[in-house]
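Protein sequence lines, in the order shown, are assigned to chains P and Z.
If you're matching positions, the first sequence starts at 5 in our numbering and goes up one per residue.
If you're matching positions, the second sequence starts at 559 in our numbering and goes up one per residue.
Accuracy of the hints is not assured; some may be wrong.
[As the list claims (entries may be wrong)] As a list, the in silico DSSO-like pairs of lysine-lysine whose alpha-carbon atoms are at most 27 Å apart: (1) P:Lys-64 to Z:Lys-975; (2) P:Lys-274 to P:Lys-249; (3) Z:Lys-1050 to P:Lys-153; (4) P:Lys-172 to P:Lys-274; (5) Z:Lys-975 to P:Lys-62; (6) P:Lys-316 to P:Lys-123; (7) P:Lys-363 to P:Lys-123; (8) Z:Lys-1050 to Z:Lys-975; (9) Z:Lys-745 to Z:Lys-975; (10) Z:Lys-1050 to P:Lys-76; (11) P:Lys-64 to Z:Lys-745; (12) P:Lys-316 to P:Lys-172; (13) P:Lys-316 to P:Lys-274; (14) P:Lys-62 to P:Lys-172; (15) P:Lys-274 to P:Lys-153.
[As the list claims (entries may be wrong)] Among the chain Z residues that face chain P by a calculated CB cut under 10 Å, a handful are: (16) Thr-702; (17) Val-838; (18) Ala-842; (19) Ala-845; (20) Leu-847; (21) Phe-849; (22) Ile-850; (23) Thr-858; (24) Pro-862; (25) Glu-866; (26) Val-882; (27) Thr-913; (28) Gln-930; (29) Arg-1002; (30) Pro-1005.
Hints are computed from structural coordinates only; laboratory data are not their basis.
Please read all numbers here as calculations on a predicted model, not as lab measurements.
Beta carbons are placed, not taken as given, at the ideal position from N, Cα and C, and that holds for glycine.
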Amino acid sequence: MALLAPMATAQNQVNMSPGVTEIGADIFGLHMLIMWVCVVIGIAVFGVMFYSIYAHRKSKGHQASQFHESTKVEVAWTVVPFLILIAMAVPATSTLLEVYDNDEAELDILITGYQWKWKYEYLTDSGEPVSFFSNLATPQEEIYNTQTKGENYLLEVDEPLVIPVNTKVRFLITANDVIHSWWVPEIAVKRDAIPGFINEAWTRVHTEGLYRGQCTELCGAYHGFMPVEVHAVSRDEFDVWLAAKRGAAVVRSALATQTLSVDDLMAQGKGIYDRACLACHGAQGEGGVGNAIAGSQVVLGDLSGHFAAVAKGVSGTAMQAFGAQLDDVELAAVLTYQRNAFGNNTGDVVQPGDVTGMKNG
Amino acid sequence: MGDHYHGPATGVTRWLFTTNHKDIGTMYLWFSFAMFLLGGFFAMVIRAELFQPGMQLVEPAFFNQMTTLHGLIMVFGAIMPSFVGLANWLIPMMIGAPDMALPRMNNWSFWILPPAFLMLASTLFMEGGAPAFGWTFYAPLSTTYAPPSVTFFIFAIHILGVSSIMGSINIIATVMNMRAPGMTYMKMPLFVWTWLITAFLLVAVMPVLAGAVTMMLMDVHFGTSFFSAAGGGDPVLFQHIFWFFGHPEVYIIILPAFGVVSQIIPAFSRKPLFGYASMVYATASIAFLSFIVWAHHMYTVGMPVAGELFFMYATMLIAVPTGVKVFNWITTMWRGALSFETPMLFCIGFLVLFTLGGFTGLMLSIAPADFQYHDTYFVVAHFHYVMVAGAVFSMTAAVYYWLPKWCGRMYNESMGKAHFWISFIGFNITFFPQHFVGLAGMPRRIPDYALQFADFNMMSSIGAFIYGASQLLFLYNVVATIVAGERVSDEKVWDGAEGLEWTVPTPAPYHTFEEPPLVPKPAGTI
Chain P
5 MALLAPMATA QNQVNMSPGV TEIGADIFGL HMLIMWVCVV IGIAVFGVMF
55 YSIYAHRKSK GHQASQFHES TKVEVAWTVV PFLILIAMAV PATSTLLEVY
105 DNDEAELDIL ITGYQWKWKY EYLTDSGEPV SFFSNLATPQ EEIYNTQTKG
155 ENYLLEVDEP LVIPVNTKVR FLITANDVIH SWWVPEIAVK RDAIPGFINE
205 AWTRVHTEGL YRGQCTELCG AYHGFMPVEV HAVSRDEFDV WLAAKRGAAV
255 VRSALATQTL SVDDLMAQGK GIYDRACLAC HGAQGEGGVG NAIAGSQVVL
305 GDLSGHFAAV AKGVSGTAMQ AFGAQLDDVE LAAVLTYQRN AFGNNTGDVV
355 QPGDVTGMKN G
Chain Z
559 MGDHYHGPAT GVTRWLFTTN HKDIGTMYLW FSFAMFLLGG FFAMVIRAEL
609 FQPGMQLVEP AFFNQMTTLH GLIMVFGAIM PSFVGLANWL IPMMIGAPDM
659 ALPRMNNWSF WILPPAFLML ASTLFMEGGA PAFGWTFYAP LSTTYAPPSV
709 TFFIFAIHIL GVSSIMGSIN IIATVMNMRA PGMTYMKMPL FVWTWLITAF
759 LLVAVMPVLA GAVTMMLMDV HFGTSFFSAA GGGDPVLFQH IFWFFGHPEV
809 YIIILPAFGV VSQIIPAFSR KPLFGYASMV YATASIAFLS FIVWAHHMYT
859 VGMPVAGELF FMYATMLIAV PTGVKVFNWI TTMWRGALSF ETPMLFCIGF
909 LVLFTLGGFT GLMLSIAPAD FQYHDTYFVV AHFHYVMVAG AVFSMTAAVY
959 YWLPKWCGRM YNESMGKAHF WISFIGFNIT FFPQHFVGLA GMPRRIPDYA
1009 LQFADFNMMS SIGAFIYGAS QLLFLYNVVA TIVAGERVSD EKVWDGAEGL
1059 EWTVPTPAPY HTFEEPPLVP KPAGTI
């Protein structure tokens, strides 16, 4: 068993990883135990079968005996497997009870699945709330084979979840649209994210590091493109990170009252377009799952209509409501970008203040 | 064939209007083989896309349509109808009945299938594409977020559900009412037993599936909220209903396969089945347990811990009767006089690979470990070991075993053996590495994957192409046999074959057992 551990993240890994939590190690132990039990039973059963195939051939002139039914044998092969199952059920039960012990968490994080990204919110009693979206960071060029694929192809995000080590972290998991499932093998958490319901799971990571996972419930076209990245850092580092996040959130809300330059809005807008809009609307605004942005009547038309489509979504289509996913600065930037990129050239500049105004009616 | 037998009608009306169990069985078998090739073609598209990392051939949305249609067509179009076809051909001949009890309904239950699958396949050409929510069609992806073609999907599921229910009622009525004098229940061949139990499972769960898709239809078109939390419903309710159908469904697929293997292994071991009665009881136990284990497909939905424990214990219990079956087959071979014609090879292949699938099934039943296995390629490997190496291998064995009886011609043995070995090797190259990538963390139903999974995926794709190609060899062998195979006239065909179907002339005449036969053998000597 120990021999397999160093292979944990290597190329062509063939086994489960024990990971970096006690529960992960327990699950790995259970997995190996049951696998070896199966291997032993398999060797015995197939051994008998292959001996028979070898020795009891008609071509060797073996005469068939005509025996059948034996109560003793039949009782034995019913009772013995039953006892083996009981022996397996005991450790399985205790590990399961452990997995379900969600009490006394030191940090709560709300995880919400969206098509096709994750939102993380740190639920703390005091201070500015910290929440952000975590999107796939792998560029389209790598996915469509025009660029060499990086080491963490499809497993990298723009903003990872950060958690402190040696801390019981409780995840409250839900979804905004369809069912997703949040999984990081190394920290041994997989729980379905179900719209309208909140599931609980927890972890206590004992080793600092970077752990990667993916959505594991089919959630639509880009199900394969919503990875999870978790950074486990020391308690001190975590506190510094959280404070910085809070500070950035304050700056961010101050920014919403300022007037930004066109270049700034366009640059920010492109970044947001590429991560939030491009998958459906195309790299050149040519459309795809969604309508074309280039020459779109909605985009070229009245700003309030454009804003409504972006912020509230379009019901009955795959167009989501981005009003809660993007802040006012981001919305202003992406609206400005869409109204001026791809040959749309309306010359309109949307400021964060305009967005705040439209949001308030 | 005596003068008083009237043969089949000529031309296309023979097939359209036939009420003959053999004709209907033949149509079911050919239809299911056509669906097997179609579903197999979709699998080839999937494996070609997954040959290398990066998007290669198709777009992610189309990839999801392929996985969805592959699953639906293989389960509902290939495996289930193939065993119904086998039941049609064999059950009357095995119990000494002249035909099925309800011949006109028999015709209807076949003929509604092709339009249903035509409709399902036609969704590929509809705006928004075919269903892309997986064969398990979890809400709300299959309701609020579904393409418009979901309505046609729902209608297709309804039709094939009706077909299955009619087929099952027919089998139950035939077995209960039309056994030859002396053919008591405990003398019936195991294939008949497994099908009788399967038919009861079908009648019990197909209406549940119909209920699930009807609730979907209401949610999609009539403003209800069965599966939408926003309207007071529950998306997890869908999964409970689906798997209450879905788990018995997998036994519906595998029990007739058990029946086939229980006929063929004794024949080529030249020795009676070791424990006839315990095989019957094991089958019934598996059928009973299949109703109380459904939520093991849903360990990660956030059930209360008491529920998890119940479903874990109940699921583990299935290992007991399944073990009884495997032990019985092996004890049947023990000290027999074994020979290894193609049907026997496929049965041994079944025995080894199905048992491997059973082992991974036991691993998956352990709830805490399932948190790591769930929805990964480990699960994909597991269910292909039981569905393909289980159901499809045994079906293939059945075709080789009974084909000479059906058409009076012998298949090409070397080609049959080549088919077995290429299938066996191709299958394992395809699915064995999927255990590895699953354990290493590759989720299922993704069109593209991280680089560390690349080598095993390429291996898997190569294996799939080999396995796929070997089925064309099978098709060629069967057609060549029917057209120009060497003639056989011996009633028994195989020296170890036992049962009433081997007492009628070869090839089996259009009408058999118009006079009930004398039941020759005591119980236990099938």
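Going through the hints against the structure:
1. P:Lys-64 to Z:Lys-975: 20 Å, holds
2. P:Lys-274 to P:Lys-249: 23 Å, holds
3. Z:Lys-1050 to P:Lys-153: Violated: Z:Lys-1050 and P:Lys-153 sit about 62 Å apart, past 27 Å.
4. P:Lys-172 to P:Lys-274: 39 Å, violated
5. Z:Lys-975 to P:Lys-62: 18 Å, holds
6. P:Lys-316 to P:Lys-123: 18 Å, holds
7. P:Lys-363 to P:Lys-123: Answer holds: P:Lys-363 to P:Lys-123 is near 21 Å, not above 27 Å.
8. Z:Lys-1050 to Z:Lys-975: 21 Å, holds
9. Z:Lys-745 to Z:Lys-975: Violated: Z:Lys-745 and Z:Lys-975 sit about 33 Å apart, past 27 Å.
10. Z:Lys-1050 to P:Lys-76: 34 Å, violated
11. P:Lys-64 to Z:Lys-745: 32 Å, violated
12. P:Lys-316 to P:Lys-172: 37 Å, violated
13. P:Lys-316 to P:Lys-274: Cα-Cα ~20 Å, so holds.
14. P:Lys-62 to P:Lys-172: 65 Å, violated
15. P:Lys-274 to P:Lys-153: It holds: about 23 Å lies between the C-alpha atoms, which stays within 27 Å.
16. Thr-702: With Cβ-Cβ at 8 Å, under 10 Å, it holds.
17. Val-838: 12 Å, violated
18. Ala-842: 14 Å, violated
19. Ala-845: 17 Å, violated
20. Leu-847: 13 Å, violated
21. Phe-849: 19 Å, violated
22. Ile-850: 16 Å, violated
23. Thr-858: Holds. Min distance 5 Å.
24. Pro-862: Cβ of Z:Pro-862 sits 9 Å from chain P, so the hint holds.
25. Glu-866: Check passed: Cβ of Z:Glu-866 comes within 6 Å of chain P, closer than 10 Å.
26. Val-882: Holds - the Cβ of Z:Val-882 comes within 10 Å of chain P, reaching about 6 Å at its closest.
27. Thr-913: With Cβ-Cβ at 7 Å, under 10 Å, it holds.
28. Gln-930: 6 Å, holds
29. Arg-1002: Hint holds; Z:Arg-1002 Cβ to chain P Cβ min 8 Å, cut 10 Å.
30. Pro-1005: Hint on Z:Pro-1005: holds, closest Cβ of chain P at ~5 Å, below 10 Å.
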